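Engineer: Line by line, the protein sequences are chains A and B.
Numbering-wise, my numbering puts 125 at position 125 of the first sequence, and it's gapless, one number per residue.
To convert a position in the second sequence, counted from 1, into my numbering, add 1000.
FYI, nobody ran anything at the bench for these hints, they're computed from the structure.
No experiment lies behind these values; they were computed from the predicted model shown.
Glycine included, every Cβ here is placed at the ideal spot set by N, Cα and C.
There could be a bad hint or two in this list.
Selected chain B positions facing chain A (Cβ under 10 angstroms, derived; list incomplete) [claimed, not checked]: (1) F1026; (2) Y1054; (3) F1056; (4) M1065; (5) I1066; (6) G1118; (7) F1122; (8) A1124; (9) M1160; (10) E1161; (11) L1162; (12) A1185.
Below 25 angstroms or equal to it, Euclidean Cα-Cα: the simulated DMTMM-like pairs (lysine to aspartate or glutamate) are [claimed, not checked]: (13) B:K1198 with A:E161; (14) B:K1023 with A:E161; (15) A:K198 with B:E1024; (16) B:K1180 with A:E48.
Where chain B lies over chain A, by a calculated footprint (3+ residues, C-beta under 8 angstroms) [what the hints assert, rightly or not]: (17) 52-65; (18) 187-198.
2 protein chains.
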Amino acid sequence: MQEKGLLIVLSGPSGVGKGTVRKEIFSQPDTAFEYSVSATTRKPREGEVDGVDYFFKTREQFEEMIENDQLLEYAEYVGNYYGTPVEYVQQTLDAGKDVFLEIEVQGAGQVRRKFPEGLFIFLAPPSLSELENRIVTRGTETEDLIKGRMKAAREELEMMELYDYVVENDKVELACERVKAIVVAEHCRRERVQYRYKKMLEVD
Amino acid sequence: MQEKGLLIVLSGPSGVGKGTVRKEIFSQPDTAFEYSVSATTRKPREGEVDGVDYFFKTREQFEEMIENDQLLEYAEYVGNYYGTPVEYVQQTLDAGKDVFLEIEVQGAGQVRRKFPEGLFIFLAPPSLSELENRIVTRGTETEDLIKGRMKAAREELEMMELYDYVVENDKVELACERVKAIVVAEHCRRERVQYRYKKMLEVD
């Protein structure tokens, strides 16, 4: 009868402030989701604990995980692998807890294919909303500058396409509030709640 | 460029506490939605102001509104008509403000047909979630009692079908928080936000 948790994926263009928003969310005492611990092949730093900060793996172990489809997503940065072990995510969701991932857009695409029912939140730079004013004040800017901005905005728009929600990171506190509101709302979605009642009524 | 407001419809079985939740929501200073003023044929009471508490109408005026399709929903109670004028709702939405309706389930069905894009929230009695435990403790209750409860729960479940969200009214404050979180989340839905950016980018 245990209702499954939600997989919450926060992503967005690099430099948008995903890490800052994630840290703020987890610093709030009323946050009830579990942070997904990543696996990595990089060496543990002083004080880092296996299973808390990261699951530390050898290159061989990590590549075995890739082959055995044990990673929800992974990527290689500066010679080290980083990835999300599917087992931890699955167990936490099965235990009825919400799992929170903060990952790059490439990784989010991989997760979407494996977990289409996840909750995908695109963290958008505040510049996207400022862009309107900037574009509107034409004449004061060179045409090339405007074109460059339009192109960047179009690319961000295309990335958005995969996501369920767009949260503007105008202020970290507001962005956190929106992310948490989205999770509360998703838990109230009729499809989720109704299923619970239906199951309950089938008992008899 | 003005983004349209959301039509928020709070409904649910009678006696579930819709009015209490609505009052609590509007007593909170950070609530940013407009309450839709109903039209009625009942006489104004001492202190009631036309256009604030109700739009007071004669029976003839009200029936003309029905004929001219000027009501989003209406019903007759104890010899008087009550209804939601579509004009006020439409103007407020067009001005980019969210409009909040608290209406009976019959009315909500009428609104759904005219405003399928509205946000329909079903306020559920806490008994629905308690029901599980109650049903499980079989043997201590007569079969008829259990059947009666199952039937009531099934009927409520069928009413839910039309709604986007289900909010359990376990505690008024929590129910309000959920309703407001749903509105925040809906404003972050990609379809809504993306449209804004797309429109913006079409300018050039």
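Engineer: All the hints need checking, so say for each whether the structure fits it.
Structural biologist: The hints, checked one at a time:
1. Interface hint at F1026 of chain B: violated, since its Cβ lies 19 angstroms from the closest Cβ of chain A, which is beyond the 10 angstroms cut-off.
2. The beta carbon of Y1054 of chain B comes no nearer than 31 angstroms to any beta carbon in chain A, farther than 10 angstroms, and the hint placing it at the interface is violated.
3. Taken as an interface hint, F1056 of chain B does not check out: its beta carbon lies about 36 angstroms from the nearest beta carbon of chain A, beyond 10 angstroms.
4. A least Cβ separation of about 31 angstroms between M1065 of chain B and chain A goes past the 10 angstroms threshold, and the interface hint is therefore violated.
5. At about 30 angstroms, the closest approach between the beta carbon of I1066 of chain B and any beta carbon in chain A exceeds 10 angstroms, and the interface hint on this residue is violated.
6. The restraint placing G1118 of chain B at the interface with chain A is violated, with a minimum CB-CB distance near 14 angstroms, outside the 10 angstroms limit.
7. This hint holds: F1122 of chain B has a C-beta 7 angstroms from the nearest C-beta of chain A, less than the 10 angstroms allowed.
8. Taken as an interface hint, A1124 of chain B checks out: its beta carbon lies about 8 angstroms from the nearest beta carbon of chain A, inside 10 angstroms.
9. For M1160 of chain B, the interface hint holds, the least distance from its beta-carbon to any beta-carbon of chain A being 6 angstroms, beneath 10 angstroms.
10. Nearest Cβ of chain A to the Cβ of E1161 of chain B: about 8 angstroms, under the 10 angstroms cut. The hint holds.
11. The interface hint given for L1162 of chain B holds, since its Cβ lies 9 angstroms from the closest Cβ of chain A, which is under the 10 angstroms cut-off.
12. Interface hint at A1185 of chain B: satisfied, since its Cβ lies 4 angstroms from the closest Cβ of chain A, which is below the 10 angstroms cut-off.
13. Between K1198 of chain B and E161 of chain A the alpha-carbon distance is near 12 angstroms, which keeps this suggested pair within the 25 angstroms criterion.
14. The suggested pairing of K1023 of chain B with E161 of chain A is violated, with an alpha-carbon distance near 38 angstroms, which exceeds 25 angstroms.
15. Restraint check for K198 of chain A and E1024 of chain B: not satisfied, since their Cα atoms lie roughly 30 angstroms apart, outside the 25 angstroms limit.
16. Among the hinted pairs, K1180 of chain B with E48 of chain A is inconsistent with the structure: their alpha-carbon atoms are about 39 angstroms apart, more than 25 angstroms.
17. With 0 residues having a Cβ less than 8 angstroms from any Cβ of chain B, the region 52-65 of chain A misses the three-residue criterion, and the hint is violated.
18. Closer than 8 angstroms: that is the beta-carbon criterion, and the region 187-198 of chain A has 7 residues meeting it against chain B, so the requirement of 3 holds.
In summary, the structure is inconsistent with hints 1, 2, 3, 4, 5, 6, 14, 15, 16, 17 from the numbered list given earlier, while agreeing with the others.
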